[in-house]
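Trainee: Here's the letter readout for the chains.
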Amino acid sequence: MNATNIRRLIFLVILLAVALPLIFNIDLTGRVTDETRQMFDNIEMLQSHSILMVSFDFEASSIAEVRPLAEAILEHACRKELRVVGVSLFAEGTALGEQMLAQVAKKHQLQYGVDYVYLGFRPQYVAAILAMGESIVDEYPADYFGNATAVMPIFRDLKNYNQVDLVVSIADGSMPTYWTEYAVARYDVNLEVALTASMATAFYPYLSSGQIKGLTAGLKGAAEYESLLDCKGGGRRGMFAQSVSQSVVILVIIAGNVVEYFNRRRKWK
Amino acid sequence: MEMSTLVAVVCTLAIFSFLYRDNPFYRMAEHILIGLSVGFTLVMLYNSVLVPKLLRPLFLEVDLWGIIPLLLGLTMLARMKRSLAKFSKPALALMIGSGAGLSIPAMFEARILRQLAASVEPFAMVGRGEELSFIFICSMIISLIGVISAMVYFFYTRPDTKLIGSISRTGVYFLMIFFGATFGYTVTSRLTLLIGRMEFLLGDFLSIL
Amino acid sequence: MSQAALIFWVTLSIVIIVYYSFKARKTALNLREIPGIKAVEEAVGRATEQGKPILFTTGWGGDIQRPTTIAALNLLRFVAAKAASYGCRIIFPTHDPVIAETAREIIRSAYNQAGRIDDYRDEDITFVSPSQFGYAAAVDGIVSRTNPGAMFLMGTFEGEALILAETGNISGALQISGTDSTIQLSFFIIACDYTLIGEELYSASAYLTEDNKVKASMYAQDIIRLLLLVVILSACLLALFGLDIHEEIL
Amino acid sequence: MTINRVAIIIAFVTGIFMLVQYFIDAVVVNNLYKTLLDYYQIIFAITMIVGGLTLLRVHLRKLVRFDRHSIFSLATVTAILFMVISSIIFGTGTNSPYQWAFNNIQAPMQATTFSLLAFFVASAAYRGFRVRSKPAAVLAIAALIVLLGRSIFGEMISEHLPSLAGWVLNNPSVAAKRGILVGIGLGSVATALRVILGIERSYL
Chain X
1 MNATNIRRLI FLVILLAVAL PLIFNIDLTG RVTDETRQMF DNIEMLQSHS ILMVSFDFEA
61 SSIAEVRPLA EAILEHACRK ELRVVGVSLF AEGTALGEQM LAQVAKKHQL QYGVDYVYLG
121 FRPQYVAAIL AMGESIVDEY PADYFGNATA VMPIFRDLKN YNQVDLVVSI ADGSMPTYWT
181 EYAVARYDVN LEVALTASMA TAFYPYLSSG QIKGLTAGLK GAAEYESLLD CKGGGRRGMF
241 AQSVSQSVVI LVIIAGNVVE YFNRRRKWK
Chain D
1 MEMSTLVAVV CTLAIFSFLY RDNPFYRMAE HILIGLSVGF TLVMLYNSVL VPKLLRPLFL
61 EVDLWGIIPL LLGLTMLARM KRSLAKFSKP ALALMIGSGA GLSIPAMFEA RILRQLAASV
121 EPFAMVGRGE ELSFIFICSM IISLIGVISA MVYFFYTRPD TKLIGSISRT GVYFLMIFFG
181 ATFGYTVTSR LTLLIGRMEF LLGDFLSIL
Chain S
1 MSQAALIFWV TLSIVIIVYY SFKARKTALN LREIPGIKAV EEAVGRATEQ GKPILFTTGW
61 GGDIQRPTTI AALNLLRFVA AKAASYGCRI IFPTHDPVIA ETAREIIRSA YNQAGRIDDY
121 RDEDITFVSP SQFGYAAAVD GIVSRTNPGA MFLMGTFEGE ALILAETGNI SGALQISGTD
181 STIQLSFFII ACDYTLIGEE LYSASAYLTE DNKVKASMYA QDIIRLLLLV VILSACLLAL
241 FGLDIHEEIL
Chain P
1 MTINRVAIII AFVTGIFMLV QYFIDAVVVN NLYKTLLDYY QIIFAITMIV GGLTLLRVHL
61 RKLVRFDRHS IFSLATVTAI LFMVISSIIF GTGTNSPYQW AFNNIQAPMQ ATTFSLLAFF
121 VASAAYRGFR VRSKPAAVLA IAALIVLLGR SIFGEMISEH LPSLAGWVLN NPSVAAKRGI
181 LVGIGLGSVA TALRVILGIE RSYL
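Protein chains in written order, with the working numbering: chain X, 1 to 269; chain D, 1 to 209; chain S, 1 to 250; chain P, 1 to 204.
Be careful, since some hints might not be right.
Here are the simulated lysine to aspartate or glutamate pairs, DMTMM-like style, with alpha carbons at most 20 Å apart [as the list claims (entries may be wrong)]:
no. : chain 1 : residue 1 : chain 2 : residue 2
1   : S       : Lys52     : S       : Glu123
2   : P       : Lys62     : S       : Asp122
3   : D       : Lys53     : X       : Glu260
4   : X       : Lys232    : D       : Asp204
5   : X       : Lys232    : X       : Glu134
6   : D       : Lys53     : D       : Asp63
7   : D       : Lys86     : S       : Glu105
8   : P       : Lys34     : D       : Asp22
9   : X       : Lys107    : D       : Asp204
10  : D       : Lys81     : S       : Glu123
11  : P       : Lys134    : X       : Glu260
12  : S       : Lys52     : D       : Asp204
13  : D       : Lys162    : S       : Glu33
14  : X       : Lys107    : X       : Asp230
15  : S       : Lys23     : S       : Glu210
16  : D       : Lys53     : P       : Asp38
17  : D       : Lys162    : S       : Asp193
18  : P       : Lys34     : D       : Glu121
19  : S       : Lys38     : S       : Glu247
20  : D       : Lys86     : S       : Asp122
21  : D       : Lys81     : S       : Asp222
22  : P       : Lys134    : S       : Asp193
Just so you know, these hints were derived from the structure itself, not from any lab.
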């Protein structure tokens, strides 16, 4: 078997390792980590009608990993009858954030402008974070669809971060560092982050120092959050496929070394 | 199943076909992607940079300061003609010079001082007499050895004594731990990307899920 | 980490680097051997023997302003001179039009100096797409159609790093990579033949072009690194006794 | 005074200014800094238009050759013109053709190109983790510990594995990363300094 065929075999094995578990749909979550439980509790203890600001800070290419997290958190917010203010500090994430918020709002028959609002994108993210500390309506005179925000019922008793009980940044990069450096440091905002798996270690120091109140990451975090919510989402569905395909990568590494061992023995003979 | 899902499925399969080998189906998808991404960026830059920061101030509010970036920008147009290309060098120098100047303090703080301060911090916790586990103490010492040996490995003009040689070899082992751990760690999110595409193909398209 | 500490360290580093750069030491510094840099010449020779082109690209993560991109273009200057002298074709796809124009200038003047201006092919230096995966898909297409003998992946890379490296391996190219993105370094170490780790990319041109000024500034970097080592060790020792001087001086 | 000399002086002046403004909080300096940033964004936007026009010119030239490759250049030219013209006529709202093309053609292709990494990670691992020396063994073991520690099956093998993976990630791995970052910091500062001082002229 020459190198090209071995490579195609490996590609096929990875394809099956992802497709079959998705089709068999076995639910596999494992232990819920403390960080995800802490993240869940912070939202759970909010009274109904408190304000939750959700910031969609990710690029289109990371949607596979952040969608389950975003859907779980929005589902939880709707069950707790929180009022959700959606914003986005990444151009590409704006449209995707709006679609997810609209989807969960339709499911729970939320009324736009009363129960939830979507403000959309701002290019200069540091300026936007700081400005919302003074007045959200001044920074966003019009929402994502162009309607005037000042007249919306949701903004009757919502001026700036002081009325926002919790901010959740759903990110695939370093945007939460700006939330901590500007929103938390200057306006003492309660901040939680939902991240792609590869960004998690970068933010553990912020969690241990108390700058952020909760952190959950990757498909595993989404699966854990869904099990706390006792609902079946992209997280739990994807977890089995992720574990199987990850094991295939382990087996491929071992196989590579077995082949190396025999090649060396043949050469040695 | 709507038209847009069908289009997205065809595009997805076209890109996946590259895994077997390069083929006209992939090449067409690639050239369409190049065109769309160039068009998308041109329109976005026009709407979010040129209009608010150049055209509106210059032509609507007649703020003559806008002339300077416009001229510098237009010298960039000179690059399209080889004989005029050298007139774009001042604008290039402005961009590269400002980038270089900005990076010196920012890089020094983020990449050097903040990293080294973080390696000393655990020792300060010991100094403050905080209650620390045995594992914490060992990890602290191992981490310090790691930083020191990795830094020694990167010396260019290091003398070839036995001691320096063994320290830098230790550094190599720490570097290998970093590369292996980072690879293993990032594999998870790379696999998740494929899970997302398969959920789209199996779910939205074939609706097997 | 106080502002004063940053000012102190930045000024000290500038003084040391400027002093050594302009007092370029005449005596040849024996620099430690970096396999990746030694392989650069071998890679160009191998591609020429096989009658295959060379592909050089600086990654999606860096624009012209980034020092990493400047270092990569410095290395391109050496590779272009060597390739031009061997009469080997160079392909340079990029995601940034400014980088494309700068590289065009470097490659064209290399062919000019080697007296082979008619071998120079202007359309081989292309700005392909500003989007990360438009760029990755385009370079994949170019690699599999031109089958380069050697590939240089030098600069700041992000998620697209392994896509390019693995496609290069599929086409059988000898690959030398160098980047300052720590996550992508692990992918390059595993997928490429040689990898310049972080700062080795910055010093590559000093090794290859015998430029004493750049060599001297590397000697200056070693002095600063030695200073930093002494400072960390003493700071750790003092911190054990409750003297938190690291908050002031680091 | 050749154009190169003018460029080197501009690089020196803006470089020193940007370096110094990092430490000064004066209002005048901040405004000048913001203006320079705006200039950079405007120049970059214009260079992107130059890049777009050059790309259009390259593909139009290939198109005119009418060989078997020109069908692909036709695709690129049509795609660029479609995005630009449709955004002028129909705007870039949520249900404009511009947004439709992004959502249903560009985004899926970009997400799929990114997902190729799942396959390439496996084929690179098969080739790259061959244990031929002691450091290579350490490389493979570290990868296996983290891979197992972060999967559900790892938890089943032994519940200490996830914490071992966490320890490897947060201690020796971070230590080596700091060693690399210090080197990168020094290297990039030295390179930036050579640009400002005019020693580094590769961009001219």
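Trainee: Decide, hint by hint, whether the structure agrees.
Mentor: So, going through the hints one by one against the coordinates:
| no. | hint | in the structure |
| --- | --- | --- |
| 1 | Lys52/S / Glu123/S | holds (17 Å) |
| 2 | Lys62/P / Asp122/S | holds (13 Å) |
| 3 | Lys53/D / Glu260/X | violated (60 Å) |
| 4 | Lys232/X / Asp204/D | holds (17 Å) |
| 5 | Lys232/X / Glu134/X | violated (39 Å) |
| 6 | Lys53/D / Asp63/D | holds (11 Å) |
| 7 | Lys86/D / Glu105/S | holds (10 Å) |
| 8 | Lys34/P / Asp22/D | violated (46 Å) |
| 9 | Lys107/X / Asp204/D | holds (19 Å) |
| 10 | Lys81/D / Glu123/S | holds (14 Å) |
| 11 | Lys134/P / Glu260/X | holds (15 Å) |
| 12 | Lys52/S / Asp204/D | violated (44 Å) |
| 13 | Lys162/D / Glu33/S | holds (17 Å) |
| 14 | Lys107/X / Asp230/X | holds (17 Å) |
| 15 | Lys23/S / Glu210/S | holds (15 Å) |
| 16 | Lys53/D / Asp38/P | holds (7 Å) |
| 17 | Lys162/D / Asp193/S | violated (29 Å) |
| 18 | Lys34/P / Glu121/D | violated (35 Å) |
| 19 | Lys38/S / Glu247/S | violated (41 Å) |
| 20 | Lys86/D / Asp122/S | holds (17 Å) |
| 21 | Lys81/D / Asp222/S | violated (44 Å) |
| 22 | Lys134/P / Asp193/S | holds (18 Å) |
In summary, the numbered hints that this structure violates are 3, 5, 8, 12, 17, 18, 19, 21.
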